[in-house]
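Enquirer: Next come the chains, spelled out residue by residue.
6 protein chains.
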Amino acid sequence: MKGPLLRLLRPRRASPRPLLVSGSLWGRAQTAAVSHAYSTQAGSTMRPTGRYPIPNKKDLPYDIVELMEEVEMKSGFLPNVFSVMSHRPAEFRAFFAYYNAIMNKEKGRLSKADKELIVVATSIVNRCPYCVIAHGALHRIYSKKPALADQVVVNWKLADLSEREQAMLEFALAVSHADNITEEHFQKLEAQGFDREDAWDIGTIASFFAMSNRIAHFTDLRPNEEFYTMGRIPRDKEKAETP
Amino acid sequence: MKGPLLRLLRPRRASPRPLLVSGSLWGRAQTAAVSHAYSTQAGSTMRPTGRYPIPNKKDLPYDIVELMEEVEMKSGFLPNVFSVMSHRPAEFRAFFAYYNAIMNKEKGRLSKADKELIVVATSIVNRCPYCVIAHGALHRIYSKKPALADQVVVNWKLADLSEREQAMLEFALAVSHADNITEEHFQKLEAQGFDREDAWDIGTIASFFAMSNRIAHFTDLRPNEEFYTMGRIPRDKEKAETP
Amino acid sequence: MKGPLLRLLRPRRASPRPLLVSGSLWGRAQTAAVSHAYSTQAGSTMRPTGRYPIPNKKDLPYDIVELMEEVEMKSGFLPNVFSVMSHRPAEFRAFFAYYNAIMNKEKGRLSKADKELIVVATSIVNRCPYCVIAHGALHRIYSKKPALADQVVVNWKLADLSEREQAMLEFALAVSHADNITEEHFQKLEAQGFDREDAWDIGTIASFFAMSNRIAHFTDLRPNEEFYTMGRIPRDKEKAETP
Amino acid sequence: MKGPLLRLLRPRRASPRPLLVSGSLWGRAQTAAVSHAYSTQAGSTMRPTGRYPIPNKKDLPYDIVELMEEVEMKSGFLPNVFSVMSHRPAEFRAFFAYYNAIMNKEKGRLSKADKELIVVATSIVNRCPYCVIAHGALHRIYSKKPALADQVVVNWKLADLSEREQAMLEFALAVSHADNITEEHFQKLEAQGFDREDAWDIGTIASFFAMSNRIAHFTDLRPNEEFYTMGRIPRDKEKAETP
Amino acid sequence: MKGPLLRLLRPRRASPRPLLVSGSLWGRAQTAAVSHAYSTQAGSTMRPTGRYPIPNKKDLPYDIVELMEEVEMKSGFLPNVFSVMSHRPAEFRAFFAYYNAIMNKEKGRLSKADKELIVVATSIVNRCPYCVIAHGALHRIYSKKPALADQVVVNWKLADLSEREQAMLEFALAVSHADNITEEHFQKLEAQGFDREDAWDIGTIASFFAMSNRIAHFTDLRPNEEFYTMGRIPRDKEKAETP
Amino acid sequence: MKGPLLRLLRPRRASPRPLLVSGSLWGRAQTAAVSHAYSTQAGSTMRPTGRYPIPNKKDLPYDIVELMEEVEMKSGFLPNVFSVMSHRPAEFRAFFAYYNAIMNKEKGRLSKADKELIVVATSIVNRCPYCVIAHGALHRIYSKKPALADQVVVNWKLADLSEREQAMLEFALAVSHADNITEEHFQKLEAQGFDREDAWDIGTIASFFAMSNRIAHFTDLRPNEEFYTMGRIPRDKEKAETP
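Chains as they are written, first to last, in this note's numbering: chain D, 470 to 712; chain B, 470 to 712; chain L, 470 to 712; chain Y, 470 to 712; chain W, 470 to 712; chain P, 470 to 712.
Among these hints, one or two may not hold up.
It does not matter which identical chain is used: a pair holds within one copy or between any two.
Using 27 Å as the maximum straight-line C-alpha spacing, the simulated DSS-like pairs for lysine-lysine come out as follows [as the list claims (entries may be wrong)]:
1) LYS574 - LYS613
2) LYS613 - LYS543
3) LYS581 - LYS613
4) LYS657 - LYS626
5) LYS526 - LYS576
6) LYS576 - LYS613
7) LYS574 - LYS527
8) LYS657 - LYS527
9) LYS527 - LYS576
10) LYS614 - LYS526
11) LYS543 - LYS574
12) LYS581 - LYS626
13) LYS543 - LYS581
14) LYS581 - LYS657
15) LYS626 - LYS543
16) LYS614 - LYS576
17) LYS657 - LYS576
18) LYS543 - LYS576
Note that these hints are calculated values from the structure, not bench results.
The following block holds chain D by itself, in its conformation from the complex:
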């Protein structure tokens, strides 16, 4: 991907290679699992993806098409959030630049699974179907724990979480509820090994999805069907199924 998003994200580096291709994010090895995050599919024709019209590729700016095609090529389907946000290219770029900055950030103590768990736990508060279903799927894939996201959706306090994960979600939910965040909140995180930069990461993910959940609600963004079953069957079994 060339273009504004790339430039926004990594403006100083001349980047001959498309943005999301290199690196671990959309790299080949991970593609199978991750690509799902956001990819394209024909199936979205039968049911509306959302409430707003979705532009044809030919009417979209080049950088957006390029990104969507790359995602689509490497994954099995294009997550509906790409389609719905493409209705507003400038917002599409800013949205995914922000998403990329926090969800694909390499530094810090949050694993990919941690981040997805935060998304699931905060999005269920806002009862956002897309965010809960899609990121529940991503959590299953990254964590290799097929039941944990479901547990968190029902009742995070009773889920099979480590104390570290509990502290992380407690902070994330306080941010998501727009609580006043005090030093005590930070200290609870620190007791589990998270520093202030990790707190920023947790807080920003919770805040970003506070936004995403609401955009999903007013655009009536629907989860792709693929998300419901992704990551529920252990890899070996999955392979066995598709000889």
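Given chain D, work out where chains B, L, Y, W and P should sit, using these hints.
Expert: Positioned in the frame of chain D, the structure of chains B, L, Y, W and P alone reads:
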């Protein structure tokens, strides 16, 4: 741009140069738009602006320094949100890109005052000091109604609003509350002359500030003192004061 | 249905046929999967099923053992609710007698899938892991809709429900919230073809699970692992997997 | 009563002793005051007892008639819950079997008055007229404290309760609110001398009435007039009144 | 019980001194008016009436002693609110002046029973023991309906109220909840025959007791024991009891 | 006192008559006491002050006219609460007597600014435009802190308050929420140097404005325009403005 914000903040100074003209941020045409939001000041030394360390300019990427200096030069002060967000340059860029895309969007039926009113009405729900105080100030300036933001902060249903403004805030608040948004919500907007694109604008502003309010909470972002009094005194009087 | 559960309820009648065997539930091949409704398993040794001690079979009354063994034999596992409730035999009998009277009632307009949907929709309000996970599984099996229960868990108003199902859940949730139930509530049901007897059924299921959810909370009743994946894979695929 | 209810509950055992007769509950001396718990009366003709039709005795199964007549004979009136539930005989049996198992359980540290206090305190949360009025009456009778139930209805935290009673109600209300029940909840009970079996009793009563309150709402179950004044006048005075 | 309160309760008795004579606020003739609400008793020695010290009569201003003695003489007991408020004579005077102005107002469509019903219905929202118990007693006496206040305490929407009473309480509760009061609220009252002056009366009673409830909470004002049973026994019976 | 309020409102005018002289409640000398709160203005003609008709002076009792004229003469305007309450003279007297007893009480540890802060903090909970706007203005004047009331309106926990002020508002808000007030509440106040009499003062102000907020809602009492800007400009500047 002959800086509307600039003029708002320090109306007496002639400003021959547009606020945020050139620069890498998002290309020539769009640049000016962004600056509006905020500007610089030395006063932030006496009280903490927020909970996270604020980088020295020399440690910040060029494009961010350029933007902040231009804002600071042309306005009387740098709104604290710039300082606080500069702790994370990549997020800074995405945050203000998004802000710019929605708050400085030229098309659509929302005036600048309408947009600020949405920010005030939704941010009070989350009890965000920075967002309410800063955007209350901006509303006073854009609307030239010195009391309306205060009224909305206390009780928007009892404020001196037009039916059109009431419908706009009702939609914005439904989004802010993460309510399920139904066709009925859109129809109420349409009855007041807002089409689906305006609804997207209202919904996105409400969603973006759902995020901003929460970031402000965990970073402990404090309003600059200037915001409390901005726009409270009619222009004529203000001029009279400074012969 | 005839059998041990029946025997509990109407003990005078000799019942030579086992409880969950006959019937259309899912036909012979499926029994193992479904019986699950409530059945036994060795796996429960590794993680605590609940907070209270679970009696050994030898210490349980004959009728309770008989029921549990039958369930266990025919299904692949014993749902944990049987184990946990067996701590109090008299309550076990009354609990399952009530459960049977409403969930296995043959008359009325509620299908098995309808009943499970009510359980899922009301149990998520109380954030009951066992009830949501176990009955979500049963709903998938009875309805053959693998995604609907997940949708209802997140946000029933946005789920792919018929108007009839929406009316049914609206009534069930009003009962679950302990709202005052008015004639208007009944009229909304009637508009979807439910009569007063159906309303009783819906209301009683919602009420019974208001109890069950709370018992599950104080006993810390945990869902069996089997429930998480039950009914997610279409039949054909499932068969293919197990030659 | 030659316990049809008993027979329901313990069907195989020949039970020469009638279920509710022996023991202090329905013993002769107490009958006048207590029988009220559930008994029959002609007065129910003038106002509807509930929303559903109440069967004629001749249309009811023998065991249910037997139970109701016994209650009616020994007490002054038939509590409306019997009439309303008789609309569904199978559910009637399970409901009263469960009720009997927990409310008339002889073992454990909960007195009859304790149990009624739990019912009052949890039923007021759900604003259930029948449950609050009827069980407030029973509490007055069992406790011989004519004002305490009224106090608990208004504000249990300000009522004249012992620390033991406060701990009991705090646990019961946590269960009633469908809170997650943690070890800390049990420890607070233990500090007041309640063990885990008592906790089960408290939790089950709270849970059972979570169900009853909701059934009462959708059936529009109304309290018998007798309940309003029962137990308000000291026994001596009462006797004096009726020479 | 003899006295002004009694007289209120049993109005047929000739009362040689006018109860509510015009004149200056705390003039002799008027005193009795205030007393109505309440009366005196020695019993308050055994349990604390409230959290603040209660002055000795000799330390109280003459007008307050005079009022309290008259109330005490004519009634059987001094309601605790008089004792507790006497801690602050200036506030005592203003409190009872306001009380008198609204509760003993002769004009308008609200009966004494109506006013007490408003107090009960709004005070239960704030869970105020004194206000609910004392004014529930007064309602029983004025209305001669011994069960209605108890019903309203549990669930006013299910109480045996006329449509007129329901409209009255709906308005009172909206005021008590500090809702925005709109023209629609007034129109609903008008549909039941209440004009704007009646609305003021209802609204002021609800507002005054919003204050009283809170004062009762921080002073820990306790209801006198007499209130629990007042008005529960029909007049004839009461006479029979006290030959 | 040579009218601080008066001076605050129109500081340039010499006020030869004392504002708060001791004496009988509505005697000449005392009248001024009440005026402090508020003052008169002709401007109320252009927009409705409230929902109820405001009497002409000639139709009002002498003592009320006298009070209003004094307030009007000495201040620049008559606060709308005087006009609206004059619709009911007896209630007007009691309302302002109570107001005077608590807001102009000289003893105790609460400063005038403290009292206004309590009014602002509790009135925003009830979203009362008049009370928040008018008393926010009074707070700015008494405290000489032009931003603090605005901060408290948005989020008192994040406002620049001393620990003493925080404890004071915490107690006031507990009373305003009609919480049960326990010994622990008093102890927290004591830790900040407030004794039980101060607690009574705080509690009564919170209680009185719980009433006022509600009266303001049903009378649709609107703030005078003057209040929005009062106290926002430092004194020196103000003088400079009016040479």
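Enquirer: All hints, please: hold or fail.
Expert: Here's how the hints hold up against the structure:
In the homo-oligomer, the alpha carbons of LYS574 and LYS613 lie at most 27 Å apart inside one protomer (20 Å), although the nearest pairing across protomers, at 40 Å, exceeds that limit. For the identical chains of this complex, LYS613 and LYS543 are intra-copy neighbours only, at 21 Å inside a copy versus 31 Å across copies, given an alpha-carbon limit of 27 Å. Taking CA atoms no more than 27 Å apart as the test, LYS581 paired with LYS613 passes inside one copy only; the shortest distance there is 11 Å, against 33 Å between copies. For a Cα distance limit of 27 Å, the shortest separation of LYS657 from LYS626 qualifies both inside one copy, at 16 Å, and across copies, at 20 Å.
Taking the closest pair of Cα atoms, LYS526 and LYS576 come within 27 Å of each other only across two copies (23 Å); inside a single copy the shortest separation is 34 Å, beyond that limit. Taking the shortest Cα distances, LYS576 and LYS613 sit within 27 Å of each other inside one copy (22 Å), while across copies they are farther apart (44 Å). In this assembly of identical chains, the alpha carbons of LYS574 and LYS527 lie at most 27 Å apart only when taken from different copies (23 Å versus 32 Å within one copy). Taking the shortest Cα distances, LYS657 and LYS527 never come within 27 Å of each other, neither inside one copy (51 Å) nor across copies (33 Å).
Taking identical chains as interchangeable, the C-alpha atoms of LYS527 and LYS576 lie at most 27 Å apart only when they sit on different chains, with a minimum of 22 Å there against 37 Å within one chain. Taking identical chains as interchangeable, the C-alpha atoms of LYS614 and LYS526 are never at most 27 Å apart, the minima being 37 Å within one chain and 33 Å between chains. Within a single copy, LYS543 and LYS574 get their C-alpha atoms as close as 21 Å, which meets the 27 Å cut-off; across copies the closest is 34 Å, which misses it. In this assembly of identical chains, the alpha carbons of LYS581 and LYS626 lie at most 27 Å apart only when taken from the same copy (21 Å versus 31 Å across copies).
Proximity of LYS543 to LYS581 under the C-alpha cut-off of 27 Å is restricted to the intra-copy arrangement: shortest distance 19 Å within a copy versus 41 Å between copies. In this assembly of identical chains, LYS581 and LYS657 lie within 27 Å of each other by CA distance solely inside one copy; the values are 21 Å within and 39 Å between copies. Within a single copy, LYS626 and LYS543 get their C-alpha atoms no closer than 36 Å, and across copies no closer than 34 Å, so neither meets the 27 Å cut-off. When the C-alpha separation of LYS614 and LYS576 is checked against a cutoff of 27 Å, the pair qualifies only within one copy, where the shortest distance is 23 Å, while the shortest distance between copies is 41 Å.
In this assembly of identical chains, the alpha carbons of LYS657 and LYS576 lie at most 27 Å apart only when taken from the same copy (21 Å versus 44 Å across copies). With identical chains, the CA atoms of LYS543 and LYS576 are at most 27 Å apart within one copy only, with a shortest distance of 25 Å there and 36 Å across copies.
When held up to the earlier numbered hints, the structure conflicts with 8, 10 and 15 and fits the remainder.
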